[in-house]
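Here the protein sequences come in this chain order: Z and F. Heads up: the first sequence begins at 1 in the UniProt record's numbering, then just goes up one per residue. Heads up: the second sequence begins at 1 in the UniProt record's numbering, then just goes up one per residue.
It should be emphasised that the hints constitute simulated quantities derived from the structure, not laboratory data. Just so it is clear, CB atoms sit at the ideal spot from N, CA and C, and this is done for glycine as well. One should not assume that every hint holds.
Stretches of chain F that chain Z covers, calculated by requiring three or more beta carbons in the stretch to come under 8 Å of a beta carbon on chain Z [to be verified]:
(1) 14-21
(2) 39-49
(3) 75-82
(4) 199-210
Below, computed lysine-lysine pairings styled on DSBU-like, alpha-carbon distance capped at 30 Å [unchecked claim]:
(5) Lys76/Z with Lys227/Z
(6) Lys281/Z with Lys233/Z
(7) Lys196/F with Lys217/Z
(8) Lys260/Z with Lys217/Z
(9) Lys233/Z with Lys217/Z
(10) Lys215/F with Lys217/Z
(11) Lys76/Z with Lys87/Z
(12) Lys227/Z with Lys196/F
(13) Lys217/Z with Lys227/Z
Each chain, letter by letter, is given below.
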Amino acid sequence: MPPPPRRRPQELEEEEEEEDTQQIPDHVDEDGDEPMEDADADAGGEMNTMIKNLVRYALACEFSRTPIRRDAIRDKVLGPRGRSFKKVFAGAQKQLRATFGMEMVELPTKDRNLLTTEQKRKAAKSQSQKEPTSNAYILVSVLPEAYTTPNIIPPSKVQSADGEAAYIGLYTIIIAIITLSGGELSEPRLRRYLTRLNAAENMPSMNPHDATAPSEKTDAVLQRMVKQGYLVKVTESRSAGDDEGTTWHVGPRGKIEVDKEAIANVVRAVYGGSSGELEKKLETSLKIKGRSRGGEGAVEEEEVEEAPPDGDPGPSHHRRHGRR
Amino acid sequence: MADDWEPPLPPGYNDAHRAFLQAFMARGTLTFREGRKLLAAIASASNAGRDGDSDGEGEGEGHGHGHGPVNPDSITMADFESWVRTVREAVEPLDFDVRNTRDQVRGERVWAFVNAHSDPVTQLGTARTPDEVAYVKRLLDAMFDQHNTPRMEVMAVDEGQALRASRPRGRESQAGGDADAGEEGTQAPAAARPLKHSEVLALLASLVAEGWLRKSQDGFYDLTPRALMELWPWLVETYNDPEPADGDWQRIKFCEACKEIVTHGQRCDNLDCTVRLHDICDEAFWRTRSARTCPKCGTPWEGNHFVGERAVTTRAGFQRGRGARRRTEAAQNDEEPVDEEEEEGA
Ligand SMILES: [Zn+2]
Ligand SMILES: [Zn+2]
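Bound-form chain F, shown alone (with noise of 0.2 Å):
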């Protein structure tokens, strides 16, 4: 390696596309609106060391526009989308990648940085405890398998099922075992300890905050655009079969219309169909159909069997129970308590 080594750059990067990526590290995801309130922050920086001294730098693209203060709309898609572009372009030899998706509730697309390779432990590792991210690994155990079935496909839990995942399961290492496994002469890792369940709620709340957790109003967690950026492709690989058969029911799939991940959204009234849609993409999609039947099956399409919470929230059972339920939950969690025989740990 020479002494004269440069990291490559894109072209034109200056310091405004670096406080713009400083920016969107520090808040994980970044929408449209978000992103041209920020990109004319910078402009407006950039114009004002240039009123300052005139040493020409920070001529990016996209804020060509003189002097003073930059008004968020006059800032475009295109703009936004070449920053993006530049940023990524800058992160990717070092394996960060700037990812977008639609928000499968709200419509809204979402950008996120987010490490190229990554599992549960190399998003959490360094800022979480090993029992910590041990729980994380089960809750996403409980979303993706045990609340994932060819006739119930939740991909959430609510908070009892979450307290549930509190202790250590025997088939512990079945979800991403075979990492575990291969590092096993090294680091034989010791059964996790099971967490409090005042420290499930605190974790699940600074998961929340952190961005990684959605709560719904009807008190279920699933996971959010960026964690599912981020992890999809740990997913895959970890919960469905790397050969299925055609028309196997796999764990995880993706939406009939845009192909990205589908967590919430509708599926074909024929339970044994593996055909998905996002709710966002159903209109779209329908428009370019003569008639109302699953693609695969030629089943009519209601769009009332769904992926995700509604697939309980929307049951008769769950109308009528809904307070009962909730009683009932809080009285089994009391019963569980794991709180008693920890040693108090680091």
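The shape of chain Z in the complex, shown without the other chains (with noise of 0.2 Å):
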């Protein structure tokens, strides 16, 4: 049994990212792997305690949707033979794939257009020519979509069923506000849209049914979105000069949870069903995905060289889902 993963303070991991990408250079866990190991007959067992405790770690993250981190997985699974990583992860994929039919996502990085001015003044200094990773990862599901229905896989019952599917529907109509929106929500606009939800002060809570807290605060709703992922607050400090204040964008497990495919039906409830010309539109809006941020001078020359075109790493193949 592996110990109860232990919470981490979320400011130190929010900060810790960044700068954990540049130290651990990833050919150590090559380099690292003694060619011993693989003939000792011992070795083969604990390596399957090591790929189970991986597998049984990745299942509980999701249950409350805590990313899976390199450096957490380092901690609780591998303990002191923290060299074989990739072995590890490599088997744990397999078998997630195998029996539960879902796989480990990596997070996408904290897009560079995200970070305070100040923020990447440094990152610019710091950072090398190396593609940055997040090691961060997520469950999703790998099943054939005929297989992800409602009725087959329901919300999950991490709070209540009827909460899970309320705080799924917010997120998404967010993401998808903030998408259409060429990627970025000034504060003021997504308070505007949240009253028109009548959502400004209150949310529907986790869970409904607690007489006792049957709503709860849209800023607490809203700060567990960013927690999790879903959303991503940027607050410009002012000596930048710029007056925008805060802006919120779409956070890496929402990109990967909330496609585009999501964020289209969406529209189709919001617009009563689905019409030709709406498709039309559709198709040109979510396609403008992204390309329309920026316009902040000498800061779009970094992104042009750093962020891919469209800023969108959705990969096309993962549905939403994840939830179990």
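Hints in hand, dock the two standalone chains.
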């Protein structure tokens, strides 16, 4: 039984993420594997145990929507044999796909244009030529689409199925609005949309059957969406000479779980069905997704170098789901 | 470990089984009624897939149904059990298990996807804060220790009693204390923070919603079949004497008929006797016996001594005082405010 994962303060994780990426060169894993291990029969059993523990850890993380972090895997699963990361990870992927029809997908790195100007300056200094990785993963289903309908796989019971469904609905709508607004939404505009959704002050809680707390403060729910990686909130400091202040973006988990099709479905639902004209508009809107960002002069040049053309990592073969 | 290692899988294991497993895990439990609906939906999806492209995948047991939507009524218990067996075989190497038991109140059989070696910490550790996990341990102590005595085997708590567990007691580490002591070197656990009453109520509600606790009409919380399936080995280890003398009273007891745990049932009229029987096992059990007397001590079995909340609710005092009791309890709770001295933690 793996020890129950300990919690780390959220802020720490956020800070460390960028640093870790740079400090752990990937090739350590290959170089570090001692060839003797494989000959040893005991090592096989140990490897199986580590694979099992990683699979269990991944499932537990997904249950609480915590990203599966590479450094946490080293801590909790690999222990002193941290060097066999690649083999254990590959084995766990095989096991997850074969047994559960799921796999771990790496979360996209934080968009460079989501960093504050200050962070960008720092990053520009320290960043090398290497592609940054997030070293954090989530579980997604790899089953054929026919099997992932709600009558087969319902929202999970993390808090309650109804609360879960309401929560999924809310972040899906917010992500759709952000995406259709070009990947970025100012704080006042988000608030206006929330008012229209009748969610300016409160949202349904994760457990609407809880008589003592059927609803929750909107800010608390938004905070959870940020913490779980559905949204990213960027607050630009005044000194940057930018009056815009706070903006909202789609977070790494949001990009993977809420794909273009899910966004299109929200729009269709809002407009009461599909029509030729609507589909055309959708096609245009979702294609220009992320292209209309920028407008920050000097920073924009960096983006051209570093970010992929449309900033959208969304692996199209991963349907949103992951929720178990 | 060779690169060509393949995880062991049951023969014929395919995407339909994986869908069944994902669905099972998302729900936590399945009854046969739910299971046949689910299997019909999966079989329909498999058929749709086959109609679309004929690469022959997805021909599992129980759904050689050809084309189009499948009627849930066509799924037999044997089909369902065979699917359960298959996914159980698939997850067993990973220390997961599928267990089943009858709901002690409703009698319906329930299947649950569980951790094979579970305690409250592994079960709740990732989704709950350490303070919440500590509270749940205190709640279990209240159910299986404080409110489970030889005279009164309630094994359930009302809301007032649940709230009284909000504060760590001096004997916090008594239950499951061995495990805690073992880890002392690495993480000397800081004394758990008391939960606010509002936090306790929210936690209780979400444990009910998640299917771990059940709340009765009379306002008692007890463990659901799912929680019992997952935790009964831990409960026995934590609350029972490992080497009881013959006839010793033990906190966790099992049904004379079906041998499963009893938290809601009947007890021998002789309060010193340890024989217990589920209500749902009662009829079949007595049908096979010549006399309605306790199989161990011979006392006539009246069936009016209870395990579970009825140990309280069938008492004359409770019947008379229903209204008054609730008022008093509410008043008591107000007297015990925990909220003030709390710092706003994470
Ligand atoms: Zn029984
Ligand atoms: Zn007896």
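Of the hints given before, which are not true for this structure?
As far as the earlier hints go, only 3 is violated by this structure.
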